[in-house]
Amino acid sequence: MALPVSDGAAADVYLADSVKIAAKILIVGHFAVGKTTFVGTMSEIRPLSTEETMTQAGAHVDDLTGAGRKTTTTVALDFGRLTLSDRLVLYLFGTPGQQRFAQVWKDMTVGALGALVLIDPQRFDQSFDVIGLLEEYDVPYAVAVNRFDGSVEHPLEKLRAALDLLPDTPLVTCDARDRASSTEALMALVRYLQLRASKELA
Amino acid sequence: MTDDPTAKSDAADLVRPYVITRGRGHPTRAGLDLVSLVIALPGDESPHILDPESTRLLALCRGGILSVAEVAGHLALPIGVVKVLLSDLMDTGLVATRRPIPAAELPKTQLLQEVLDGLARL
Ligand SMILES: Nc1nc2c(ncn2[C@@H]2O[C@H](COP(=O)(O)OP(=O)(O)OP(=O)(O)O)[C@@H](O)[C@H]2O)c(=O)[nH]1
Ligand SMILES: [Mg+2]
Numbered sequence: 012m013a014l015p016v017s018d019g020a021a022a023d024v025y026l027a028d029s030v031k032i033a034a035k036i037l038i039v040g041h042f043a044v045g046k047t048t049f050v051g052t053m054s055e056i057r058p059l060s061t062e063e064t065m066t067q068a069g070a071h072v073d074d075l076t077g078a079g080r081k082t083t084t085t086v087a088l089d090f091g092r093l094t095l096s097d098r099l100v101l102y103l104f105g106t107p108g109q110q111r112f113a114q115v116w117k118d119m120t121v122g123a124l125g126a127l128v129l130i131d132p133q134r135f136d137q138s139f140d141v142i143g144l145l146e147e148y149d150v151p152y153a154v155a156v157n158r159f160d161g162s163v164e165h166p167l168e169k170l171r172a173a174l175d176l177l178p179d180t181p182l183v184t185c186d187a188r189d190r191a192s193s194t195e196a197l198m199a200l201v202r203y204l205q206l207r208a209s210k211e212l213a
Numbered sequence: 148m149t150d151d152p153t154a155k156s157d158a159a160d161l162v163r164p165y166v167i168t169r170g171r172g173h174p175t176r177a178g179l180d181l182v183s184l185v186i187a188l189p190g191d192e193s194p195h196i197l198d199p200e201s202t203r204l205l206a207l208c209r210g211g212i213l214s215v216a217e218v219a220g221h222l223a224l225p226i227g228v229v230k231v232l233l234s235d236l237m238d239t240g241l242v243a244t245r246r247p248i249p250a251a252e253l254p255k256t257q258l259l260q261e262v263l264d265g266l267a268r269l
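First to last, the sequence lines map onto chains A and B.
Going by our numbering, the final residue of the first sequence carries number 213, and the count climbs one at a time with no gaps.
Going by our numbering, the final residue of the second sequence carries number 269, and the count climbs one at a time with no gaps.
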């Protein structure tokens, strides 16, 4: 039977046999902010996606009808992979954050180390939903302003105030199309997670 | 799901995963998550009559280690369905997941340091 893997050599598909630990970081943000781009930039494999069919309890529109109707929606999750050492692999999941898909969020957030929130400063007000979800699911996060061409430079401190971020929450800029820049943003998140972990121990 | 696996008809099997997930909601074997690492175990599947999705899943996993999410992505199946198929194959002894390293052996601070070191090497 042929390997049911669409393309690429097996070595580009499978993990090394020595890998024992899989860690997970979420890449979240509002519509068209660059989540898929970020995952694709970082991933060592061709990014994959899966579709989850969600039954969503009636939203506001449905409530008006008083029927409590349920709607079925498909949520696409895209993800990529980074082998970080002989024994450690990191998965990045690009997660839609504009709606409340409780089961997807549960699956996504279980065991996640943390999340990177991508923000387009022109539309920062669209980020409150996703930040609210992260807080609800208790996922620590850092914020990265995705630099779009021609976008006005927003002073980070103003943005911090507008987003109502805690003083400790990292706020960095990145270009989701650039690997070095995206790596830096992930490292800022991980350093923050370390700080939190060491405080928890203290 | 624990009934005799040889007693299933082909027709029933074709629709089975979808029926299962609808019926069970979000079935998961404790500890099976998106990044659980799946390994096919050496063994003969011929005593078991597997549905086509399970056969594809097993063939994929015989090539090497993959996460649950990657299995779903390669097979173009929803993650919920893949979890059901995997737990059945685990019951049958045809696949296993790599046992996670206990937190006592890998404190969070050490894991984060390994992630950071790995990112710095990219
Ligand atoms: N100029 C510029 N364009 C970008 C950048 N990041 C993403 N884009 C573009 O913005 C568009 C949206 O990017 P995606 O990566 O698809 O965004 P997304 O968050 O996955 O979008 P949805 O999944 O639809 O919510 C694409 O056309 C990208 O090419 C960036 O840093 N600079
Ligand atoms: Mg996307």
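What the hints contain is simulated information worked out from the structure, not anything from laboratory work.
Be careful, since some hints might not be right.
Stated by the list, open to error - What follows is a set of in silico ranges between Cβ atoms, one per label pair, in the way DEER data are often shown:
| id | chain 1 | residue 1 | chain 2 | residue 2 | range |
| --- | --- | --- | --- | --- | --- |
| 1 | B | Ile248 | A | Ser209 | 14 to 24 Å |
| 2 | B | Pro189 | A | Gln133 | 49 to 59 Å |
| 3 | A | Asp179 | B | Asp191 | 32 to 42 Å |
| 4 | B | Leu253 | A | Gly143 | 29 to 39 Å |
| 5 | A | Gln133 | B | Gly190 | 48 to 58 Å |
| 6 | A | Asp179 | B | Gln260 | 36 to 46 Å |
| 7 | A | Ala213 | B | Ser193 | 39 to 49 Å |
| 8 | A | Thr180 | B | Ser193 | 49 to 59 Å |
| 9 | B | Gln260 | A | Ala172 | 39 to 49 Å |
| 10 | B | Ile196 | A | Ser96 | 35 to 45 Å |
| 11 | A | Leu212 | B | Pro189 | 33 to 43 Å |
As the list claims (entries may be wrong) - Beyond 12 Å from chain B on every Cβ pair, some chain A residues (computed):
| id | residue |
| --- | --- |
| 12 | Tyr102 |
| 13 | Gln133 |
| 14 | His165 |
| 15 | Thr184 |
The C-beta atom is built at its ideal place from N, Cα and C for all residues, glycine as well.
Verification of the hints:
1. Distance hint check: the CB atoms of Ile248/B and Ser209/A are about 20 Å apart, consistent with the given range 14 to 24 Å.
2. Between Pro189/B and Gln133/A the CB atoms are about 55 Å apart, so this pair conforms to the stated range of 49 to 59 Å.
3. Take Asp179/A and Asp191/B: their Cβ atoms lie about 55 Å apart, and the range 32 to 42 Å is violated.
4. About 31 Å separates the C-beta atoms of Leu253/B and Gly143/A, a value consistent with the hinted range of 29 to 39 Å.
5. Here the CB-CB span from Gln133/A to Gly190/B is close to 56 Å, well matched to the stated 48 to 58 Å.
6. Take Asp179/A and Gln260/B: their Cβ atoms lie about 19 Å apart, and the range 36 to 46 Å is violated.
7. For the pair Ala213/A and Ser193/B, the beta carbons lie near 57 Å from each other, so the given range of 39 to 49 Å is not met.
8. Separation of Thr180/A from Ser193/B is about 56 Å and conforms to the stated range, judged on CB atoms against 49 to 59 Å.
9. For the pair Gln260/B and Ala172/A, the beta carbons lie near 32 Å from each other, so the given range of 39 to 49 Å is not met.
10. Between Ile196/B and Ser96/A the beta carbons are some 41 Å apart, a value that agrees with the proposed interval 35 to 45 Å.
11. Taken as a hint, the range 33 to 43 Å holds for the pair Leu212/A and Pro189/B, whose Cβ atoms sit roughly 42 Å apart.
12. Interface exclusion of Tyr102/A from chain B breaks down, the closest Cβ pair being 5 Å apart, not more than 12 Å.
13. At roughly 28 Å, the least C-beta separation between Gln133/A and chain B is larger than 12 Å, which holds for a residue marked as non-interface.
14. At roughly 26 Å from the closest C-beta of chain B, the C-beta of His165/A stays outside 12 Å, upholding its exclusion from the interface.
15. With a closest Cβ-Cβ approach of about 17 Å to chain B, Thr184/A is found to remain outside the 12 Å limit, as its non-interface label requires.
Checked against the numbered hints above, the structure breaks hints 3, 6, 7, 9, 12 and satisfies the rest.
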